[in-house]
Each structure stands twice: as structure tokens, then as C-alpha cells.
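Protein chains: 2
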Amino acid sequence: MISGTNAIGSKSSKQGNKTFKTFNPKENKETEWTFYEASSNEIDEAVALATDAFKVYKDFSGAKKAEFLEAIADEIEALGDELIETYCKESGLPDGRARGERGRTMGQLRAFANLLKEGSWVEAVIEKAQPNREPMPKSDIRKMLFPLGPVVVFGASNFPLAFSTAGGDTASALAAGCPVIVKSHPMHAATGELVSSAIIKAAEKTGMPNGVFSNLNSSGIEVGQQLVKHPKVKAVGFTGSINGGTALYKLANERDEPIPVFAEMGSINPVVLLPSALENDGEAWATKYASSITMGAGQFCTNPGLVLGLKGAKLDSFINTLSEEILKLEPTCMLHPNIYAKYNEGKKELSAQKGITVTADYKKATNPNTAQPSILKVSGADFLANTKLHKEVFGPFSVVVECENALEMESILNHLEGQLTGTVLGSEDDLENNSGVVDALQSRVGRILFNGVPTGVEVNSSMVHGGPFPASTDARFTSVGTSAIKRWVRPVSYQDWPNKLLPLALQNENPLKITRLVEGEYTKN
Amino acid sequence: MISGTNAIGSKSSKQGNKTFKTFNPKENKETEWTFYEASSNEIDEAVALATDAFKVYKDFSGAKKAEFLEAIADEIEALGDELIETYCKESGLPDGRARGERGRTMGQLRAFANLLKEGSWVEAVIEKAQPNREPMPKSDIRKMLFPLGPVVVFGASNFPLAFSTAGGDTASALAAGCPVIVKSHPMHAATGELVSSAIIKAAEKTGMPNGVFSNLNSSGIEVGQQLVKHPKVKAVGFTGSINGGTALYKLANERDEPIPVFAEMGSINPVVLLPSALENDGEAWATKYASSITMGAGQFCTNPGLVLGLKGAKLDSFINTLSEEILKLEPTCMLHPNIYAKYNEGKKELSAQKGITVTADYKKATNPNTAQPSILKVSGADFLANTKLHKEVFGPFSVVVECENALEMESILNHLEGQLTGTVLGSEDDLENNSGVVDALQSRVGRILFNGVPTGVEVNSSMVHGGPFPASTDARFTSVGTSAIKRWVRPVSYQDWPNKLLPLALQNENPLKITRLVEGEYTKN
Chain A
4 MISGTNAIGS KSSKQGNKTF KTFNPKENKE TEWTFYEASS NEIDEAVALA
54 TDAFKVYKDF SGAKKAEFLE AIADEIEALG DELIETYCKE SGLPDGRARG
104 ERGRTMGQLR AFANLLKEGS WVEAVIEKAQ PNREPMPKSD IRKMLFPLGP
154 VVVFGASNFP LAFSTAGGDT ASALAAGCPV IVKSHPMHAA TGELVSSAII
204 KAAEKTGMPN GVFSNLNSSG IEVGQQLVKH PKVKAVGFTG SINGGTALYK
254 LANERDEPIP VFAEMGSINP VVLLPSALEN DGEAWATKYA SSITMGAGQF
304 CTNPGLVLGL KGAKLDSFIN TLSEEILKLE PTCMLHPNIY AKYNEGKKEL
354 SAQKGITVTA DYKKATNPNT AQPSILKVSG ADFLANTKLH KEVFGPFSVV
404 VECENALEME SILNHLEGQL TGTVLGSEDD LENNSGVVDA LQSRVGRILF
454 NGVPTGVEVN SSMVHGGPFP ASTDARFTSV GTSAIKRWVR PVSYQDWPNK
504 LLPLALQNEN PLKITRLVEG EYTKN
Chain B
4 MISGTNAIGS KSSKQGNKTF KTFNPKENKE TEWTFYEASS NEIDEAVALA
54 TDAFKVYKDF SGAKKAEFLE AIADEIEALG DELIETYCKE SGLPDGRARG
104 ERGRTMGQLR AFANLLKEGS WVEAVIEKAQ PNREPMPKSD IRKMLFPLGP
154 VVVFGASNFP LAFSTAGGDT ASALAAGCPV IVKSHPMHAA TGELVSSAII
204 KAAEKTGMPN GVFSNLNSSG IEVGQQLVKH PKVKAVGFTG SINGGTALYK
254 LANERDEPIP VFAEMGSINP VVLLPSALEN DGEAWATKYA SSITMGAGQF
304 CTNPGLVLGL KGAKLDSFIN TLSEEILKLE PTCMLHPNIY AKYNEGKKEL
354 SAQKGITVTA DYKKATNPNT AQPSILKVSG ADFLANTKLH KEVFGPFSVV
404 VECENALEME SILNHLEGQL TGTVLGSEDD LENNSGVVDA LQSRVGRILF
454 NGVPTGVEVN SSMVHGGPFP ASTDARFTSV GTSAIKRWVR PVSYQDWPNK
504 LLPLALQNEN PLKITRLVEG EYTKN
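Heads up: the protein sequence lines correspond to chains A and B, in order. For our numbering, add 3 to where a residue sits in the first sequence, where the first one is 1. For our numbering, add 3 to where a residue sits in the second sequence, where the first one is 1.
Hints are supplied without guarantee of correctness; some may be wrong.
Unchecked claim - Some chain A residues judged to face chain B by a derived CB distance under 10 angstroms, without partners named:
#1 P97
#2 N117
#3 K237
#4 V441
#5 T481
#6 N511
#7 P514
#8 K516
Hints in this document: simulated from the structure, not taken from any laboratory. All C-beta atoms in this analysis are idealised placements derived from N, C-alpha and C, irrespective of residue type, glycine included.
Use the sequences and the hints to build the structure in full.
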């Protein structure tokens, strides 16, 4: 049963007058549910509760926070088919994707629980006293990471589960010891409410302080702005558009006390076809990329939106196959009429640019809000001269650039903005012979791939999902994988502190049995 | 021989028309040297050279960069007494301090060299492929840290060596693989020129690319602004005032591509006297703090500018001793007439606030630019009500707050801005009995000390010199100690990359023999 209310900790609340509805893009009509936009007072209540909760929650052991995260995963699973059906209704995405994303979401929560149980993520560093050092005695100094305080998370449109209410931002912030206030994504507020209820149930079952999690509804920008400006909010996680992310980033920097905003804002994920890829595997890569570009109606941050190859018959044949194959795939429904409209606008704008040839454009009749894939091609010179072509079109769409030579390819890469990913297709010899191109690509991205597709982001300890601006607002952190926890913490040093009163992670006896850097050596002793 | 020119890589340059002189505060007159302010063209040249140098320098091995850093230390030492004399002339600081700071500066360079030779600082993480994983095969993904690009460093007024031309910011950025452009501090441009010549000599001797280091003179704010706005500059290090640091931070955030600014902006470093400290050691602490407050004419970021104690006879006696002792110490020369004037202004302003009693104010005749120490006292209520009293007065000055009770103490700490350090004086029982106070203090600081003085910042792996805004612009990083290198890097993941073409730190065989996180385990294998 969807109530449409906000969750201020464990309290259900609907103080505001403004309401909104979510939309079923497949049926092209509003859903049956009505949501109450969070009022200014509700925002203050949620932040005050989170601030109180932080005082207790920050000191909970890793084991206790892990229990909470695991309980959230269990409670999400216990929502059963209602969650899957609600997800599909509000997103237009198919049942299989919903189940896959639910699995991933639970997997993320459990991965952070395991990280907490292992415990070494706090980066404990110990340097012991040397009272007889000359000319000055050396103090005992020990540092580790501590949570920042209440975190605001903005749910993403394109991952109603894995990057939303209990997604990677929430899971990593809760793992770090920070209470979370979610600004629920207005396109899937019912899905958000169900997941929120699971989190709150898990919090109650595992003895978490009230306010460790709140969920606020909003269809406009004001609720988000008020949250980011709130003096008691200490950090922000966001996944979405460059405009949205940049606006929040600027707002956070204008505060009396600026706070970090981790906005992951997508990119065009350049793919470089080196000679032997075209020579030996052009057709196969074209077929693989037709499917990567259209996967999930192209609604992925890592969707390959730019392909660079050396001009010639082999590239022609790659473009032909890519264009044919992409038209063979059944187009799928986008998340919302607004996203569908924006996709069509973007496609139209780019198709009309100087030097563009449209090599594929799906023309057959489709269901409502269904994205017709498209492939464009353009010369290297025209691409370089026109930064409109460097922008992301969110959907099943890609631009192939015909480069004159490797130098032009390198120059194009050097003129791109920051990217989440970059991919090189070819042989090992190609990599060695094109080090300039590979270097230029590496300098622009958070993740560089060899002979693969960028869609599909592994949740593990070695993933970087982020990249130079505007792929993300802070290239030094990742929003996917266990290192995402590092966004919500800061180090504190303890100098000459009595051993028994130190946090457990810093005590001489290493009671948590974690790996620490002691006098320059990594050790579990 | 001081030329007064800028160093654009290895080229000496004086294209601009504007000149300025440095000042000898002890003799209260200008020095004999004239400096050429960097022109807009010289700035562009330095950045272009640094950008070119980065292409080569970023790929140098840790061992090769370590050689460079060690050579810098050696060349600084080889400057001999000319450096010491120039330092003293431009800063008014005594010979012993100059020699101590030179030792510290060389020590920092060598500490980063050792970090590079050991090599594990790149945080290599490896997760191997699982081709048979269901439902999707797992890719091989490996990540490590890479340098950001050219870094601009602003020298600090109060550490002409250790936080300036070849100070911690420069040493850590060069260690990370980033070329450095120093905006030399106008109060000690000659000292800066000497150190710059040592760096450039070291670069030439160890085969570094031209442009790995440049030194620009400037007496105004325009050179710094142009540097921070330059699109090819990728990060900024700054130590100085809140106004200066915040202005650069805002400028960097307004760029098309925002870049990180690590500004360390000082603080008032609260000291909490818990009951048994007053009961048993009040006199001793008062004497120790008289000396900590006046050390280096109070010109330290970690100078204790605020002392909190519980009202009563014991605190009265502490204040009396502190006030007496501080007047017994010989006042010392400040860095510059501007700093001296600012100190007097700040002291005057705070002394005139409601409820303030001046308990010590040095009145005897002194040499020019010599800071007369002062101690104020005020009630907790008056302190809480007046945020002017919460601001730093840079000099030998401290405010003692008479708190009604522990709750008021806690409330005061909760109303302070972010601080570099916080100190608790007392017994272990005091710590346990005042957990609210200790918690409030810990939440505000980068370093928390027990029974010590905050002045004196150890350069090691466990130091946090930084803290919540406005102590620094990014509490997640430190500007002192080996972790300072983490400010100039970002992680990049390699997915399914051929082993032999991976950076050495990520190759299967671990040729660098560093500690890596492999499949969740820290290992040197």
C-alpha cells in the first residue's frame, strides 16, 4: 500500500499542500498514487532528527552497522513482487531488469556490510612516541577515518533501486556512520516509498536511532535546494544531469560552511577503434556495440555515445553493420515522457549539425515513449570544431567520428571533457603503437577498458565510477564499489591519547584485528 | 646573488614593468632587493611549460622522482648561510628558527622520497577476472592513483621554508607526479628565489623535464588569480588567511572545470582545561601555555588562541600565572609591519568587546614590529553571544573563557567553527567523565591532543593538519605529513588491460614489491 507520505525517521508525515503523481510510461498515463511534497518544516524535522541520530550512530561498531545494512537487504527482498511491479510501472523497465537491479542493490548493501565486518577501511595509521628523540621528543599520533554527519542523497531516474533510495550512495553513507536523508526521485516515488519502508523497518529491528534514515518526496527543485543549504547537512550524493549536479555543487560551495557534493553526471564514454579491431573484428564489435548502445534504452551513464575510428573502408563497414544491427533490435520504453522528449530533442539537434550524416534512425511505428535508436557519423574536423557534438544525448544514440589519422584522434580525445569511461578496441600491438591516443584517453577518464563495452559497472573494491569534471564533481572518489564509503569521512589524529580511551581501531592491542599502517608497515598485529 | 627575476622552468625572466621590494622587519626598512612581478605572459609560459613537463614527469618511476626530491634537499643545504641570512632578514625570525625550519624542509622532502621508494602510497587494488561467474562473467579490474596535472602552490608568510617554495605542498605535489608553479610569497621573495634556484638545479641534475618547477613573483592578488583560473592548472595548495583561501576556493569553483583548492587557513585551536588539570597542574600548564602562545611571536596556525576552563579560584589562579608568565617572556619581532599592524588591530578589537577583561598586556617599550603579548578573559555567556571573539588574532594572544559548567563548555565547542587542533588537559578520569565535551571537541578538529600543546606539528604518516571549514577547505586531506600526497591524485581503473602494458604497480608479478589490496587482502605478493 503506497501512502504517498514522507518518512521523517519512523514517522509518516504529510504536512504540505502540494501533491504530485508518478507516471507509467508504458501505458502513457499517470499512476494511481498521489505523493505529498515535503514541506519546509518536514525538511527541518528530518535534518534535526538525523543530527540527533548521528550522535549515537557514529559510534556504532562496524558489526552493528553491518547488521543494519544486511537487514535492509533482507527487508527489500521481503517486499517481494510488489516492489518489482511498482518499479516496472513507474520506470517502463522490464521485469528482468527490475529483479537484476534489486539483486545488485542487495548485493551492494551486503558488500558494505562485509567491508564493515572486516573493518580495515578506516585506514588506521599509528606512529608511536619516541620520548628520547632529539632535538624534540616525538608524540604518539594515531589517525583514522570518522563520519562527516548527515548526508543528503538524491535518487537517480535511471536506477530506481541501485542508485536511489537504498542505492550505493545511501549504502555507503550508512556504512560510513552517516545518517541519510533521501530526496526521492519524483519519477519513482512509490518504488522509493517501498524501499524507504524497508530501510525503516530494518532500522527498527536492529536498534538504530530514529532519524538514521528519512525519505522526502519532491517533484520540484526547492526541497533539494533547502536540504543542500541546511547548515546541519554535511555532504551530498547525486546521480543525474550535468545541470542538476552542477547547480547543487555551486549551492553547496556558496554555503557559509561549504560541503562536498559528489555528483555523478554521466558522459559520452568514448570508444576508440584501433586498426586491428577494424581489420579483424569490425563486424563483431559493431554487433556488440549495437546492443551496448541500446541496452536499457541507452539510459546508462556509461552508454557509449562516441566512437572514434580511422577513416576508410573498414570503418565504413563497421558503421554499416552498427547501423543495420541497431535497427534490428526491438526499441524499448524510456523512463518518462520528459526523458523521451529530451532524447528526441538532443537527437534532432545533433543530427542537424554541420557535417553530420545520419546512418541509422529507427522509423517504424513504436509504442509510446519508446526510444528510436540512431547513429550519426561525422568527420574528425567537424567534430573538433563543434562542441555541441561533444555533449551527451541520453538514450540509444552514438556518434561515430571518422578520423584522418591517429594524431587527429589524439587531438579529439584531448578536447573532450572528463568522462566516466574510455574504451580501446584492438590488439596489444595497437596499444603499444598508439600510446599517444591511449594516454590522452586515460587522462580523461575514471575507468579505461580494453576490448569490452563500458556498460556494466562492477561493484567491487577496484571500481572507479567517477572521472574528471563534468563526469563527476570530484574525480578523487568513486560512487560505485566499496571505496564509495570514502566520500563520507574525514581523518582525525589523536595525539598522546590514553590507549584505553582511543577508538578500538587505534588501540595498541588491535582488538578489531584490522590491517593498520603501524610505523610504516601494514600489519594486522 | 638575488636577481629578482621569475623562474620559468630553467629560464630567468623579467618581462613585466611592475616591481616590488621585501622588508626587513627587525631593521624596519626595505631590503636591498627588487623583484619583478610576473606578467600575464610569463604566467602563461610557466603553465604551458608545466603542462608539457607533466606529459613526461607523470610517468617517472618513484625512484626517479625520489632522486629529484633528495637532490632538492641537498641543494637547499648547499645554499648554506646565504639562505639562513636571507631568511632572517626577510622574516625577522631568529637564526635558530631558520636552521630548524631548513632541517624540517629537507626532512619533508626526504620523507616523500622515502614514501616514493617504498611505493605503496599509490593504493593499488586488484580484483581478478572470473570468466565463469554467473549470471555475468567478472572482468579483471585494477586501480591505482595517478597525478592530476600542474599544481599551483601559494607560499605562506609564516613558514618561509617549510610551507613555501619547497615546502610541504611543493614536496607532496612533486612526489605525486605533478609539476609545480609557486606563487612566491611577497614577504620573502629573496628566500623564495634561493630555494627556487636549488629546485631548478636539482631538476637539471636529475634529468627532470624543464618546467617541472617554476617560481613567480607577485606582490598583489592578480598573479594568483590568473594562475587559479588557468584551464591547464589542475589543483591549488595554499596556506594563509581565511579571506585569501576562501577567495581562491570560490574562484576555483567558478571555473568551467572546477579544481580542488587545499587551503589551510588557521584556527584558534581551543584548549579545554578539565578539573584535575586545574586542580593539580594549573601553574605548570599556565607556564607551558605562556610559552606556546608566544612561540614564534604567536605566528603559528596551531597557536592556542582559546582556553576554556570551569569558573572558580583554580581558574583564576591559572589565568594569573598565565598572565604573569607571558609578560616575563621577551617579546619578539613579527614577520612584517602589515602583520604587526593587523595583530594590534585584532587585539584592540577583541579587547573592546562586551564582558572582556584584559588580564595581560605587554606595555614596555619594544623594538619595531615586536608583538606585545596579551591575554583576555570573558564569561562563557559573553563568549557564546559574540562570534567576533571566535575569530583568530594572529599573534601572541589568547582568550580564556570562564565557563559556568561542563554543559556550557560543550555548547561553546559546538558553536565554534572548524579547527586544526583541539587540546584536552586533565586526567584519564576527566576524559571519561566529560565525554560530551571531548566529543564536541573531536567533531570540530583535525587533530585532538591530550595533555600537550598544539604548536609543533609532526611530519609523519599519522598527522592530520587540516580540519572542518574554515580551518581548511577540505577536511578530508592533510597538508602536513606523507598523506599530503593524496591531495594531488585521483584513482583510475584499468579493465581487462593486458598485464605487460599495465602500470608496474598493477602488474601480476608486483615488480615494485609494494603492498596492494588483492582480492580483498593486503599483500606484498
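Against the structure, the hints:
no.	hint	verdict
1	P97	15 angstroms, violated
2	N117	9 angstroms, holds
3	K237	9 angstroms, holds
4	V441	8 angstroms, holds
5	T481	7 angstroms, holds
6	N511	14 angstroms, violated
7	P514	18 angstroms, violated
8	K516	13 angstroms, violated
Hint compliance for this structure: hints 1, 6, 7 and 8 are broken, all remaining hints hold.
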